[in-house]
Structure formats: structure tokens, C-alpha cells
Amino acid sequence: MTETDLVNFTVNGQSIAVKVHTDSPLLYVLRNDLQLKGTRFGCGSGSCGSCTVLVDDEPVQSCTTPLWSVADKQVTTIEGLGTPADPHPVQQAFIDEQAAQCGYCINGMMMTLAGLLKKNSAPTDDELLQALDRHLCRCGTHMRILAAARRAIMQINGVAL
Amino acid sequence: MNNNDRLSQLSELQSNPLLSSWIAIAENGMIVLKSGKVELGQGIGIALMQIVADELDVSMDSVQLVAGRTDLCPDQGYTSGSNSIQVGAMALRQVCAEIRHLFIEQAARNLNVQPQDVQIQDGLFYSAQSTKSLSYGNMSGEVNLERVATGSVGPKASHARHISGSSSPRPDLNQKFFGAGFIQDIELEGMLHGRMVRPPSYDATIIEFSDRDRTAIQAMPGVHTLMVCGRYLGVCAEREEQAIAAAERMRTCITWKETATLPLDQPEQDWLSRLPSLTSVVDSSLTEESIDPTKVKRNALSASTAERTQTPEQNFSQRYSKPFIAHAPIGPSCALAQWKGETLTVWTHGQGSFPMQRELSRLLELPISQVTVIHADGSGCYGHNGADDAAIDAAMLSQAAGRPVRVQWMREEEFSWSPHGSAMSVQIEATLSPKGQITQWHQQIWSHTHVQRPGMSLGLKCLAAFHREPPVSADISTDFALGAGGGGHRNAVPIYTLPQRRIDYHLVTSPTLRSSALRALGAYANVFAIESSMDELAHLAGQDPIAFRLNHLTDPRARHVLESISRTSDWQALQHNNEVATETACGVGVAFARYKNSGAYCAVVAKIKVTDRIVLDQIWVAVDAGEVIHPDGLVNQIEGGVLQAASWTLKEALHWDQTRITTIDWENYPILRFDETPRTLEVQCIHRPESPALGTGECAAGPTAAAIANALANAIGIRMRDLPLTPERLAQAVMRD
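Which chain is which? The protein sequence lines are A and B, in order. Our numbering applies: residue 1 is where the first sequence begins, and numbers increase by one. Our numbering applies: residue 1 is where the second sequence begins, and numbers increase by one.
Worth flagging that the hints you see were computed from the coordinates, not collected in a lab. Keep in mind that the hints are not guaranteed to be accurate.
Mimicking EDC-like on lysine to aspartate or glutamate, the simulated pairs with C-alpha atoms at most 20 Å apart in a straight line are [claimed, not checked]:
| id | chain 1 | residue 1 | chain 2 | residue 2 |
| --- | --- | --- | --- | --- |
| 1 | A | Lys19 | B | Glu238 |
| 2 | B | Lys651 | B | Asp722 |
| 3 | B | Lys651 | A | Asp133 |
Please take these sequences and the hints and turn them into a complete structure.
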């Protein structure tokens, strides 16, 4: 761990420069250097989806994303999605459906859904399932998570609920 | 009900009799609810807040929850066994009833009226005879809550409750959905990041860890402390990724000696019942002599209609099994610890802050008063996972480093070192009369212990104690007492009318994988076995599975739940639909149990399709949990219980070679994915506001497993009795058929 270099990137609209080992996983830089704790460690191998963030609007697993690879890119985390006072439609839909048990996996899923809706505001159910395929939930909250995702899609498209 | 009766039913009030242990009222009127039961994702916090607001007649906004702190909260033991509402919340409700009464009396004195003329609305006390009003805050200095509960008044009548039975949104989700709210997010000043270095297998010992290697690791960037105590090892570093790198280097530097101590990884009945065990009789109307095993074995029948004999009695004998199952939380365990001189504070997401305080006190030989344990929410645990060991790891690392430490378990650590839900095998032998009544039932259960939780019995139960020098061994020769719900024998006694029955429990005492409490404990395997048998016996008797169960059930609530599921799933039509189904094989199955025979009643109907695998199509659930405090929370628990159990049933098993656990990541331990969920999952909750609330968190597990296996038998006529029902095993079963 010696290759320390300055890496410039944007997080939630803010320009950031951090000087740590450039191979450091983005996950730890977000959580520990930038105090953005909502991105969650789950497996460290990109196989559960808990640590999903958007890089240039694409969902990526931040636990297997080295810092150098986000140089000059735009990173969005759950903190950049919305606030309790001004939630993103996806966050609002999850609140409306109370779509969580422990809630640990949810932030990663909301990032994936926000990314999906940015590209495709009216995904089909198959596209929805495909987008969530990389995400694991252990509490068995799947039905509510899907209901929240469908609610968010309807809200974004102005469909009355 | 007299005073003593009221209190004698509230065990947690007997161990925490002071009203002030449960509730504090601030001058500003804020009601502080002090809970020994903690949030595990089951939504208990909001349910307890609703109980307090209802009983004290205050708004939800004025109730603040403080949970799982040994310095502030009552010792309610572990948050487990679906007891938080059934036991804990009822004690809390009684406390609030008494507090409300004390404040009414005080208000009467202050308003100069009679207590019966005082009314409360939204936390304000007033009387038609007075123009003044008073609040809880106004009188908080006048009413001393440092007094024991007397049972002199009882809680409100059910019709007078306005909040219980509604579903307030969970306040914790407003944090969690926006990036906060978990133990993983806590930072302490001057904190180091810790990682443990575990042995590669249960009995591995260190042959060499050279001074040169130690020095090299110590010199790695950011490394602060190497902790080496026997084979209990860890590392602390300034940055998280530095701790990970150092732990990885340490793991590869050490030369280990490993021993092949595990049985061959085969279906459970091939090894579990052959290990040494302690046998106890769980329930019996039969003496040992009256059971004639030769008769049953000689005439053992399969459930195939073609083989049905014309003998006056039919004998049935089958064995069922489940494998070791991992808790597998999405977020691996995490904890923080901070020493100030000889006093220790530990932050944990474990299920029992007070038992953890006792374990830490014993392990570290510290007076209880010098150990504070604080709960913080973690990823769902579903029982005794790595959380408790992580709490102890944090304390040990922090002691070694002389600085606060946050320890985070890695994914493979959770799979290979956390306790798991024990493998189980259940043998059921039964005799069916010519009229289709079960006349004899003999059930035998083989299982490892389901309770190795720290701080419950005198022996130490943590990895630190097992691995440090000098080590202690785990005592695995006891299980959860049947009177307290049972471990491997949980739900071993069928709810059905079986006048001649005997149930034996063989607690396997020869260690294999480390086991402890996983959601539902033995109920998952026992209900799977009993409800599969009931289905097989119904088939032998030529009866409809629901009708066959009803013929053996007298409990009116049990009957009502089965009749309800029959209606909501349109059971008769489902059967008919299957007969006309064409290309894809479809099937329906039903199963039922009352959790622990004392908790919620739960019936599940599963409709499946069979391709190269079992595909969940539709699931219906009917639940009777008595009074429902927070209906949405209950439904959420049932939905989660069904899908988690579906995942266990269709996919999950830990594997090992004879030395190591080999399933250490999600690739090798797949769980239910979004595209494997059923099309619909409907939960029907039978409200009984007049009846005591019953625990629901674990009631769906067993019925779900059996409903799926029964649906498979219904679909293709093949009975699978060994879990999980994977595509590979399905293919083997079809080949054998």
C-alpha cells in the first residue's frame, strides 16, 4: 500500500480531492474519508449489492471499485439522492410502503432503482427484476421492495396511485 | 383478576419491578420508554411506542425510545423467541397502566377533584369540575416512579385503545433510508479499525508465526497493534483497508495445523443420528415397552396410492431432515469498544445487551458495574450470529491497542465462524386406523443444541474464550429448556389429537459445526416433518389434507385458521385447477402449526410450478396472533418469515469438507433472489383484540417449508423429505421415482 496519489472526482455534486492509496475501494473512501456512511459494506466481492452507488449514473459496486477508476467521474451516494425533507421519489416510495425490515440492503437497491429510472423512466417488470437481480435481501422483504419500486415508477410517471 | 394474578403472568415485571426501570417522564412532558428489547429489523420499537402512547393517552410524538442500554434500561434478557410482544410488551403495558393511575391520582389532588372525575386527552389531565389542566410534565416532579409495580390496576380494556391496532410508520426507517441509523456508522474519537484473523478451521492450531513475519506486519502502513493470544488473533490499523490488508497478510504468514474432525458431508440422516447423544422424553402417553418398532418398520409404507394396502391398520414410517443453515446477515457483524481506565463501553447489535454485559464481565474478570453495553441497530441477525463474538472482539482489540476500536467481520468470517442453525433429523412412525384416524405417533428428533448464547449460563460461550490461552471448551450438552419453548424439541409435540404418542429428543453431543439459535430453532424441522407426515397420512387415508387435519384438531382457533386459509386460497378450486393443468406441472400444499404450541397460529398454502426446479407461484398465509399491536409490522414479519423460510427450503445448506466449512461466500451459499419470489403473497390476519397478543416473528418458518414440499408431492407425486429441495435433489428424486 504505497501508491498514494491525489484523485479528483465529484461526489453528490461536490468536487472532491482525496489523497489515499489509489487502489483503496471507493466504499471505504466514501464511508471513512468523506463520512458518507449510507453506502454499506456487505461482502467485499460485489455479489450482494449493498454498497451500490452511481458512477456517471451507472450502478456500480463500490466495494470492488478502486478509487483510481472514479477519477474525474460523478459519484452519487444515497446521501445525494434526497433528504428526509426532500426525498427522491424512490426514497418516498420506500417510506410509503415501509419497505424494509432491517433496512441494511435497501440503500444499495434504491441507488440501483434511481439509476434505472434515470435511464428508463418506465421500465417493465422484467427490467425491474433484472436490475435488482444483483441485490440480496435476507429479511425476505422482496415483495415490499418490488411494491415500492413499482410505486416509484408510477409516481415518476405521474400515474395516480 | 386480582393483583397477584396480574403480576404473576408478567415475568419480566417480576425481574424488573420498579416502574422507573421502564418509563421516565421529563419535565417537558417527553415520555422516555426504556426497553430491554431491541430493534432487529422486526419493527419492535414502534410497536412498544404505540403501547406506551395508548396506555398513557399521549401522542406518539411525545414518546421517545431508548433501547438495549445496560446503563438505562431494564434487563429483559435476549430479544428472541417471538417473546417481545407476548411477554415484554405486556409487562410494559402493565407499568404504563400503573403510571397512568398514579398521575390521575396526582392530578385529582392538584385539581381538587375526585380521581374518577379526571380525564386524560393527548397527555393533558382535566376535569369538568375544574378549569385548570395539567400535563405529565407538570406533575413529573410530584409523582415518584421509584416504586414497585403492585398490580393494583390493570391496563385499559381493548375497546378503549386507539393506537394499538394501527400502524404508525417506523421512525428508524427515516434515518436508514437516508444514509444513517446503523452501528456500522458510529465513529469514536481516536478510533482504530480492527479485523480478526481466524483459524482456517475449528480445530486448527498454530505451528509457526515467526518473529520476522510479526515485525513485517507491524511495519505495514497504518498498522497499530497485533493481538496474539493463543489462536485468538487480530489486528488494528488507522485505516479500514489497512486493517484488512494486514489481517490478510497475517492469515497467510501463519503456518497452521489442521485436523479432519468433521463428519462426511452427506444427507443428515447418514451421520447425525449415529453420533453420541443424550436422550430425553419430550412428551409421552406411551411407555417405551408399548412401542413396537418392529411392527412399524416391517410394514412401513410409502405414501403412494398404488401401494395402499387393504390391511385394517396402516403403518407409516419416514425420516425427514434439514441441513445446517447460516444466519447469513447481509451486513456482517460489527461492534465498537472503548476503555476508560478499568471501565469498558461496548456498542453491539447483538440481541441481548445484559447477557453480553455478563459475558464481558466474566471473560475480562471485571465487575459488572464497570461494563456498559449499548445496543445500536445492525443488519438483520435472525438469531445468534456473529454479533456477540464481534462485541467481544472489539473489547479485546481495544484493550490490546489502548485505543477505541471498531471491528468489522468479513463476509467469510460470518459464514465460517458464526454459530449456525443445527442440522436436524426427524423420524416419524404412525399408525392409521381403518377410519383414517391416527392411533399412534412416535417421533424421534436428532439435533445439536440451539442455544449457545453468551451470558445465559455460567460457562463462557464466545470465540475469544475458545481460542485464547488458556482456552475453554464449549459445553454443547444442554439445549433450551422445553418449558421455555425448547431448542431442537421446539414444536416437537404435534398440536393434533394423538392419544397415543411419544416424542423422544436425542441431543447430539459430539461437536460438528458450531450451532446456536437460528430463527424458529427446532420448530422449522419439526413442523416440516410433522406437516409433511400429516400430508402423507392424509394421502394414505384418502382424505383432503385440510379435512384430515381438522379431523385431528380440537383447538377452535387452530381450526379457524385452517378454515380461513381454505377460504382465502380457495383451496377446493386450487385442487381442481391442478387437475386440468396442462403443460407445466402445478401443485398446491398446505401446512399449519402453532408456534411453540403457545405463540401465533399460522397456516400456509403454497401453489407452485415444477420445471427443472420448484417455482413459487402464489402463497397465502392465515395468522391468528391474538391482539395485534402493529398490523403492518406483523404482516411484514410474516412476509419475511415466509420468504426467508422459502429460501432455506429451496436453496440453503452449509457444506464442508472434513476439515473446513467450504460455503464461505454468496456464490456458494445462494439465497432467494428477486426473480424467485412468488407472484403474490397474501397475509390474512385474524384480529382478536380481546385475546392476549402472541409472538409472530418465527411462526411462518415451519409451515412454509412443509407447504412447499406438500405442493411438490401434489404436483408430481414425488415426496422429498430432505431439505433443501434444490434442482439437483429434485432431479435425483425424479430419477429414483
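Hint check:
1. Restraint check: the Cα-Cα separation between Lys19/A and Glu238/B comes to about 15 Å, which is no more than 20 Å; the hinted pair holds.
2. Taken as a hint, the Lys651/B and Asp722/B pair is honoured in the structure, with Cα atoms around 12 Å apart against an allowance of 20 Å.
3. As the CA atoms of Lys651/B and Asp133/A are separated by approximately 16 Å, the hinted pair is consistent with the 20 Å bound.
Violated hints for the displayed structure: none, as all numbered hints are satisfied.
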